[in-house]
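Enquirer: So the chains spell out like this:
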Amino acid sequence: MLSQLDKEIIRALQEGLPLVSRPFLALAEKLGIGEEELLAKVRDFVDRGVIRRFGAAVRHQDLGYVSNAMVVWQVPEERMEEVGRLMASFDEVSHCYQRPARLPDWPYNLFTVVHGQTPQDCREIAARLSRTSGVANYRLLFSIAELKKSSMKYFVEK
Amino acid sequence: MTLDSLDKQLLNIIQSHLPIEPEPYKKLAETLGTTEEDILARLKRLIEKGVIRRLGAIFDSRRVGYSGTLCAMKVPAERIKEVAAVINSFPGVTHNYLRDHPYNMWFTLLVESQAKLENTLEEIKRRTGIADMLHLPALRIFKIRVNFDLGEDENA
Numbered sequence: 001m002l003s004q005l006d007k008e009i010i011r012a013l014q015e016g017l018p019l020v021s022r023p024f025l026a027l028a029e030k031l032g033i034g035e036e037e038l039l040a041k042v043r044d045f046v047d048r049g050v051i052r053r054f055g056a057a058v059r060h061q062d063l064g065y066v067s068n069a070m071v072v073w074q075v076p077e078e079r080m081e082e083v084g085r086l087m088a089s090f091d092e093v094s095h096c097y098q099r100p101a102r103l104p105d106w107p108y109n110l111f112t113v114v115h116g117q118t119p120q121d122c123r124e125i126a127a128r129l130s131r132t133s134g135v136a137n138y139r140l141l142f143s144i145a146e147l148k149k150s151s152m153k154y155f156v157e158k
Numbered sequence: 001m002t003l004d005s006l007d008k009q010l011l012n013i014i015q016s017h018l019p020i021e022p023e024p025y026k027k028l029a030e031t032l033g034t035t036e037e038d039i040l041a042r043l044k045r046l047i048e049k050g051v052i053r054r055l056g057a058i059f060d061s062r063r064v065g066y067s068g069t070l071c072a073m074k075v076p077a078e079r080i081k082e083v084a085a086v087i088n089s090f091p092g093v094t095h096n097y098l099r100d101h102p103y104n105m106w107f108t109l110l111v112e113s114q115a116k117l118e119n120t121l122e123e124i125k126r127r128t129g130i131a132d133m134l135h136l137p138a139l140r141i142f143k144i145r146v147n148f149d150l151g152e153d154e155n156a
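If you read the protein sequences in the order shown, they are chains U and H. Under the UniProt record's numbering, the first residue of the first sequence carries the number 1, and numbering increases by one thereafter. Under the UniProt record's numbering, the first residue of the second sequence carries the number 1, and numbering increases by one thereafter.
Some hints could be false.
[What the hints assert, rightly or not] DSS-like mimics (lysine-lysine), calculated; alpha carbons at most 30 Å apart, straight line:
1. H:K49 with U:K149
2. H:K26 with U:K153
3. H:K44 with H:K27
4. H:K125 with H:K74
5. U:K149 with H:K81
6. H:K116 with U:K7
7. H:K116 with U:K153
8. H:K143 with U:K148
9. H:K116 with U:K148
Keep in mind that the hints were calculated from the coordinates and are not lab data.
Just chain U, with the same shape it has in the complex:
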């Protein structure tokens, strides 16, 4: 469980690390704790996996990955483990999640996000994943418009 102080630290950290010489000191002063105490908390959060990564979130478009597609797959339950691991092993796959099928309308139970230079690249990657895994029923869902995209803010709603 997170303490009240933990939550305050998360709230402060998610605003981003200040661009000053002693950023942890600056945050610690706002929180009314010591710099070393804050550093210890951050290290502990990283060790416990509360902080998945302490680093920079970078926009991939600027690095040349311009096209992506959500590819959904109908995988037999008994092959889920094997297929999930196989698809996750591809560099072009950034996300690979098992989600529930919702029959009859939605038979797909494995979701991947694939990345390429063009939409055609994405289709070819999906075809290759299909050949390699033997999962024949799949569909690419390209995004037509971005209606919202924002960073999650924790513990801001009262």
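With chain U's structure known, arrange chain H on it following the hints.
Expert: What follows is chain H alone, placed relative to chain U:
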């Protein structure tokens, strides 16, 4: 924007980890053979230009205690703007995309508890009058590559 070789090296390092120590930027400067001022100026520029979306902690929603899901709805073409406005008004909706499928509106939701998650989904159905919603929480995560800011929420 054009990235020079030092920008790229800096991005490569800080995507995986920023030093967790009193003077992290000085440490980066030492690693890259430049000055702390140079690192701070570069980071400021990369943030202003939007190359870096956020610098610091990326949390694991589940470990923070939040519940997340991915949802899809069938929204008639003429109602897309209005329905999106309702869905996007919830702060826990971090991503919303229109996709080429009869289930055309796809959004992620992250809230403090499972109960709140279910209440929010019911409220969205009630306020939009659209009951046909796929609720697709992650059952298992095989991979999240964190070094990219991607279309799908890292946490849903």
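Enquirer: Confirm or reject each hint.
Expert: Tested hints:
Distance check on the hinted pair: K49 (chain H) and K149 (chain U) sit about 17 Å apart at the alpha-carbon level, within 30 Å; holds. The suggested pairing of K26 (chain H) with K153 (chain U) holds, with an alpha-carbon distance near 29 Å, which does not exceed 30 Å. Simply put, K44 (chain H) and K27 (chain H) have alpha-carbon atoms about 17 Å apart, close enough for the 30 Å limit, and the pair holds. The suggested pairing of K125 (chain H) with K74 (chain H) holds, with an alpha-carbon distance near 11 Å, which does not exceed 30 Å.
About 15 Å separates the Cα atoms of K149 (chain U) and K81 (chain H), which keeps this hinted pair within 30 Å; it holds. Restraint check for K116 (chain H) and K7 (chain U): satisfied, since their Cα atoms lie roughly 18 Å apart, inside the 30 Å limit. Between K116 (chain H) and K153 (chain U), the direct Cα distance comes to roughly 16 Å. Compliance with the 30 Å bound is thereby established for this hinted pair. Taken as a hint, the K143 (chain H) and K148 (chain U) pair is honoured in the structure, with Cα atoms around 23 Å apart against an allowance of 30 Å.
Of the pairs offered as hints, the one joining K116 (chain H) and K148 (chain U) holds, with about 21 Å between alpha carbons and a cut-off of 30 Å not exceeded.
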